[in-house]
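Asker: Residue numbers (the numbering used here), protein chains in the order written: chain X, 275 to 492; chain Y, 114 to 230.
No lab work stands behind these hints, which were simulated from the structure alone. Watch out, some of these pointers could steer you wrong.
[Said to hold, decoys possible] Example chain Y residues on the side facing chain X (calculated, C-beta under 10 Å, incomplete): (1) Q121; (2) S133; (3) S147; (4) D152; (5) T178; (6) D212; (7) R216; (8) S220.
Source: prediction; values computed, not measured. Using N, Cα and C, we set each Cβ at its ideal position, and we do this for glycine too.
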Amino acid sequence: MSEHVVVIYPHPDDEAFGASGTITTFRQKGIPVTYLCGTLGEMGRNMGNPTFANRETLPEIRKEELIKACEVLDINLEMLGYRDKTLEFESTEEVAQHLYTYLEKIKPSLVITHYPGHAVHPDHDAFGAAAIRAVEMIPEQERPAVWAQAISRSHTIELGEPDVVNDVSDVFEKKFDTIQAHKSQADGMLATVKNQEEDIMAAAKQWLGMESFYTWKY
Amino acid sequence: MEPIEINQLQKHIDDRANKSVYVHLETTNGAYASHFNEDAYNVGAFIRNANVSYQRGKVVGAGVTYRVGLKLDIGWIYAEGVNQFEINDQNQLLMAGHDREGRLMVSLQISETPFHY
Chain X
275 MSEHVVVIYP HPDDEAFGAS GTITTFRQKG IPVTYLCGTL GEMGRNMGNP
325 TFANRETLPE IRKEELIKAC EVLDINLEML GYRDKTLEFE STEEVAQHLY
375 TYLEKIKPSL VITHYPGHAV HPDHDAFGAA AIRAVEMIPE QERPAVWAQA
425 ISRSHTIELG EPDVVNDVSD VFEKKFDTIQ AHKSQADGML ATVKNQEEDI
475 MAAAKQWLGM ESFYTWKY
Chain Y
114 MEPIEINQLQ KHIDDRANKS VYVHLETTNG AYASHFNEDA YNVGAFIRNA
164 NVSYQRGKVV GAGVTYRVGL KLDIGWIYAE GVNQFEINDQ NQLLMAGHDR
214 EGRLMVSLQI SETPFHY
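Pulled out of the complex, with its shape left as it was, chain X reads as follows:
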């Protein structure tokens, strides 16, 4: 089976903060990566500082940022057209079927998604659950590995230590560029470290230099 990584997250920028270092190391090995992005982050709260977006322009701005981030990472992008903050109210089975149509075509060797119940944002939990359900639809002997990302406070207590821990400091410049492509969101997120640290990249590396995942057990 040829290698192809599929990343399944609901918001533009989830890939940047959560997995762009890991994605970069796959791309360096020539492995294709496809990002199935659920929404356009329509309900994001960060409007730039000073504000340059509003509730109605934000989706288009975030769409442009997402396209740019995927160019930085050199990955394929599929925008799935769901609406921010509503994923948990969709039918898990229908969303899983939708995701399965992509998995069926791509036949990935690895799927990266959020760990349901440990991903903090309701969209993360719901999309992670649908992604895992979609992989489950693939016959067992053809099923790709699933790396599920947990970010809850309680994940190490409840799940133990993650079994995939990637130190991405060697490729951190690429991760930082990817985050910055999401300008509307990055300005706000990075402002919190910017206030405390002079070297923002070093501070961000401290905070985002490791990417860890749990291998999903069916």
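The hints should help you fit chain Y onto chain X, whose structure is shown.
Answerer: Here is chain Y on its own, set in the frame of chain X:
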């Protein structure tokens, strides 16, 4: 968006009274509120493209933030904490309140055509 100029905003609210309009009303402290601060609660609500007609709308407040109330035939729509507004190229009236970091805390939007997305 621009800081609220109360007379100007009042005129835009008046212009849309007694018409069939679509409303977007939202307030939130973000999905990560209790993740970053254990003492916080996540709260939020939004309603999008509610189709209503208001008899009268009024903006009240001075200086930093404003309150906007819309009186319906048998009810009310209310938002507190708005501090910026604009009329966009679709002739939609957008009002919002942001915190110091530019994060949206509340928004109230009125349009004669449905909002996208």
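Asker: Given Y/R216 as an interface hint, is its Cβ closer than 10 Å to any Cβ of chain X?
Answerer: This hint holds: Y/R216 lies near chain X, its Cβ roughly 4 Å from the closest one there, short of 10 Å.
Asker: Holds or violated: the hint that Y/S147 contacts chain X, with Cβ atoms closer than 10 Å.
Answerer: Y/S147 check passes; min Cβ-Cβ to chain X is 9 Å, inside 10 Å.
Asker: Does Y/Q121 hold up as a contact with chain X if the rule is Cβ-Cβ below 10 Å?
Answerer: Violated, about 17 Å.
Asker: Does the interface hint hold: is Y/D212 within less than 10 Å of chain X, judged Cβ to Cβ?
Answerer: holds (9 Å)
Asker: Could you check if Y/S220 really has its C-beta closer than 10 Å to a C-beta on chain X?
Answerer: holds (5 Å)
Asker: If you take the shortest Cβ to Cβ gap from Y/T178 to chain X, is it below 10 Å?
Answerer: Where the cut-off is 10 Å and the nearest Cβ of chain X is about 15 Å from Y/T178, the hint is violated.
Asker: Hey, does the Y/S133 contact hint survive, CB to chain X under 10 Å?
Answerer: violated (19 Å)
Asker: Quick one, is the Y/D152 hint okay against chain X at 10 Å, beta carbons?
Answerer: violated (13 Å)
Checked against the numbered hints given earlier, the structure breaks hints 1, 2, 4, 5 and satisfies all the rest.
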